[in-house]
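Number of protein chains: 2
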Amino acid sequence: MSLPPKLNPPNRTLLGPGPSPVSQRVLQALSLPVVGHLDPEFLKIMDQSMAMLREVFQTKNRLALPMSGTGSAGMETCFVNLLEPGDAVLIGVNGVFGTRMVDVAQRCGAQVDTVEAEWGTALDPQQFRTALAKKKYKVTAIVHAETSTGVLQPLDDIARLVHENGSLFLVDAVTSLGGAPVRVDEVGIDVCYSGTQKCLGCPPGLSPVTFNERAVEVIRNRKQKVQSWYLDLSMIEKYWGSERVYHHTAPISMNYALHAALRILLEEGMEASWQRHRQVHETLVREMRKLEVEPAVAESIRAPMINTMTIPDGTDDARVRQRLYDEFNIEIGAGLGPLKGKIWRVGLMGYGSRVENVELLAKALKQLI
Amino acid sequence: MSLPPKLNPPNRTLLGPGPSPVSQRVLQALSLPVVGHLDPEFLKIMDQSMAMLREVFQTKNRLALPMSGTGSAGMETCFVNLLEPGDAVLIGVNGVFGTRMVDVAQRCGAQVDTVEAEWGTALDPQQFRTALAKKKYKVTAIVHAETSTGVLQPLDDIARLVHENGSLFLVDAVTSLGGAPVRVDEVGIDVCYSGTQKCLGCPPGLSPVTFNERAVEVIRNRKQKVQSWYLDLSMIEKYWGSERVYHHTAPISMNYALHAALRILLEEGMEASWQRHRQVHETLVREMRKLEVEPAVAESIRAPMINTMTIPDGTDDARVRQRLYDEFNIEIGAGLGPLKGKIWRVGLMGYGSRVENVELLAKALKQLI
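Residue numbers (our numbering), protein chains in the order written: chain A, 1 to 369; chain B, 1 to 369.
So that you can see chain A by itself, here it is in the shape it has in the complex (with noise of 0.2 Å):
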């Protein structure tokens, strides 16, 4: 065969749902001399992830640990490891990522049902009463920010009646996790997870999950084991707890990264990176509107990393997503499901965080629509 190019990625400026911008340090990061994944000191270097993990998840939780696959994967791990043939879930569903957890939490063989909202709305607490009213649910599992539709569900009301009826509340924080609180222990969720490639700021690849004691304890009294080897926690939490038992050769470069994300993040605090990331969603919001782009989620309910724009009347969708690539090197997101073609998704997360992002979109979109 002739030998393809060497590589030659060209420089974006990643406003899309995700990947969001990687910082040099992290990049570099990347590059750092390969250990092996029971080297003494890579141990060392897992433990103080998941120490920074605990920070950033806001949770005191032993288990707290980085799936060696992307935001899925993670989704995925805390529904085969809660789940067995025949138990009941209820899980919201107003978008893309709601939609994925009914087909994963079908495929270990559970009763699911749901409570739904319109995409673009968030779900209402009110249903949940009901729906717990009628049942008791081994979990009820809900999306923070849905990537798919710009929604940021409120936690609060859904966590005291998903306790009240007895049920594990899991939570989606693929998108929010860094951007906008998740309090994990302060909100009462017993499972979260989510990805690098967001608001932590690393490229994806892994998926920070945590397990309050709990959640850990469905887990030991399973009657069957996990359907899933590779994502199994009770073989995976041996490697990252005391025993190192070897399970899989755990992702090294991307372990590194995760780690200087981490510590980037920390660097800057939690609640200055919410702060900062609901001060440039703001600033974005001011400036598509002298476009006359307009947010298409209501105020109350923005998920300030990932924004929602109604397309005005008359805009080609894909041109204009195709010129911001071609001629400004700027990515943002198309609408999925059905709200392909009526929105534009724009991701402003982790470094892609910052006021200068803004205005090079708005200048772009000013010659573009």
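Everything labelled a hint here was simulated from the structure, so no lab data went into it. Here the structure is a predicted model, which means the values were calculated and not measured. Be a bit skeptical, because a hint or two may be false.
One copy or two, it doesn't matter: identical chains are merged, so the pair holds either way.
What the hints assert, rightly or not - DSSO-like cross-link-like pairs, simulated, lysine-lysine; straight-line CA separation at most 30 Å:
(1) K138 with K60
(2) K363 with K134
(3) K342 with K366
(4) K238 with K44
(5) K363 with K44
(6) K44 with K60
(7) K363 with K342
(8) K238 with K342
(9) K340 with K44
(10) K6 with K136
(11) K225 with K138
(12) K136 with K225
(13) K223 with K238
(14) K290 with K366
(15) K223 with K138
(16) K44 with K6
(17) K238 with K138
(18) K225 with K135
(19) K223 with K134
(20) K225 with K60
(21) K135 with K366
(22) K223 with K60
Given chain A, put chain B in place with the hints provided.
Below, chain B alone, put in the same frame as chain A:
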């Protein structure tokens, strides 16, 4: 919390069972600017990597792509996509990875039979003949290079018997691919998986897999969904194929590294790489003999990339390995399971398969044993 120190991993010479040493070119690829998983430029890189993977697997299979997890995720990909509850599977077991295959297949609800051999010896085709004469198996699976024992399993006879039975032949080439001939089409391997962190010379994190049309047909004719959403090839092939349907966010940086690593391998050429692994292995055997350290496996079935050596009587296994780390920055592997404390595992894989590395190790061991 007090922040951990910045990353400063040691510069090890990785002569263990993997990860293997990574060249500067591959490390540099890791730190290239991240682009989106639907960026037109990334889609080109994906196509190029698939073409290179076909060359490396020596196959014309359309389906050849890297799964977004480590080698064990590749193993699970093969079993979960092919198997449904109640399916009959025959697995060769003579080490850790054959044992793992049994566990993974059982978690799919399969009926698993095994052909076993003592750890450190090869599987006997005659036993496959006997087993395959008794029952029709949907899949027959073996490990090519057993990383836990250092055995390189001859494939041809078993391949023929498997096909006479009408079974699919599934081969674990995690450790062998790139370092010894894995001629997928010529041997008649229907399904094959590998890992990036062995003879491909890339950090751990991805698992290349290939399925031929007969195997793809089995996936198409499934009665129920694949139990793993994350590893469901019927969806993943739509992202890697012409449809470009979003499934999960591909690990961009790891895919850069794989692209660079595959290109380096093909620049050298497959035959040349196999020959180099063979020659460096022979040098190791000679050098170790001078220290009265003998290979643990019979000559005809020694895997050139993972050399198991019998620990000399009276040598303190753990202490030698620790001193190799501390005084020489060299990693070698310990024995696993029944071979713990009895053997060392010396990986000479990919970029690490070089005479200089043999010399480094010989010089160090001379002082330690």
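We went through each hint and held it up to the structure:
no.: 1; hint: K138 with K60; in the structure: within (23 Å within a copy, 47 Å between copies)
no.: 2; hint: K363 with K134; in the structure: neither (53 Å within a copy, 72 Å between copies)
no.: 3; hint: K342 with K366; in the structure: within (19 Å within a copy, 70 Å between copies)
no.: 4; hint: K238 with K44; in the structure: within (15 Å within a copy, 40 Å between copies)
no.: 5; hint: K363 with K44; in the structure: between (46 Å within a copy, 29 Å between copies)
no.: 6; hint: K44 with K60; in the structure: within (19 Å within a copy, 44 Å between copies)
no.: 7; hint: K363 with K342; in the structure: within (21 Å within a copy, 67 Å between copies)
no.: 8; hint: K238 with K342; in the structure: between (47 Å within a copy, 24 Å between copies)
no.: 9; hint: K340 with K44; in the structure: between (45 Å within a copy, 24 Å between copies)
no.: 10; hint: K6 with K136; in the structure: neither (56 Å within a copy, 47 Å between copies)
no.: 11; hint: K225 with K138; in the structure: both (17 Å within a copy, 23 Å between copies)
no.: 12; hint: K136 with K225; in the structure: both (23 Å within a copy, 27 Å between copies)
no.: 13; hint: K223 with K238; in the structure: within (20 Å within a copy, 35 Å between copies)
no.: 14; hint: K290 with K366; in the structure: within (9 Å within a copy, 74 Å between copies)
no.: 15; hint: K223 with K138; in the structure: both (14 Å within a copy, 28 Å between copies)
no.: 16; hint: K44 with K6; in the structure: between (35 Å within a copy, 12 Å between copies)
no.: 17; hint: K238 with K138; in the structure: within (25 Å within a copy, 33 Å between copies)
no.: 18; hint: K225 with K135; in the structure: both (26 Å within a copy, 27 Å between copies)
no.: 19; hint: K223 with K134; in the structure: within (25 Å within a copy, 33 Å between copies)
no.: 20; hint: K225 with K60; in the structure: within (27 Å within a copy, 37 Å between copies)
no.: 21; hint: K135 with K366; in the structure: neither (52 Å within a copy, 69 Å between copies)
no.: 22; hint: K223 with K60; in the structure: within (27 Å within a copy, 43 Å between copies)
In summary, the numbered hints that this structure violates are 2, 10, 21.
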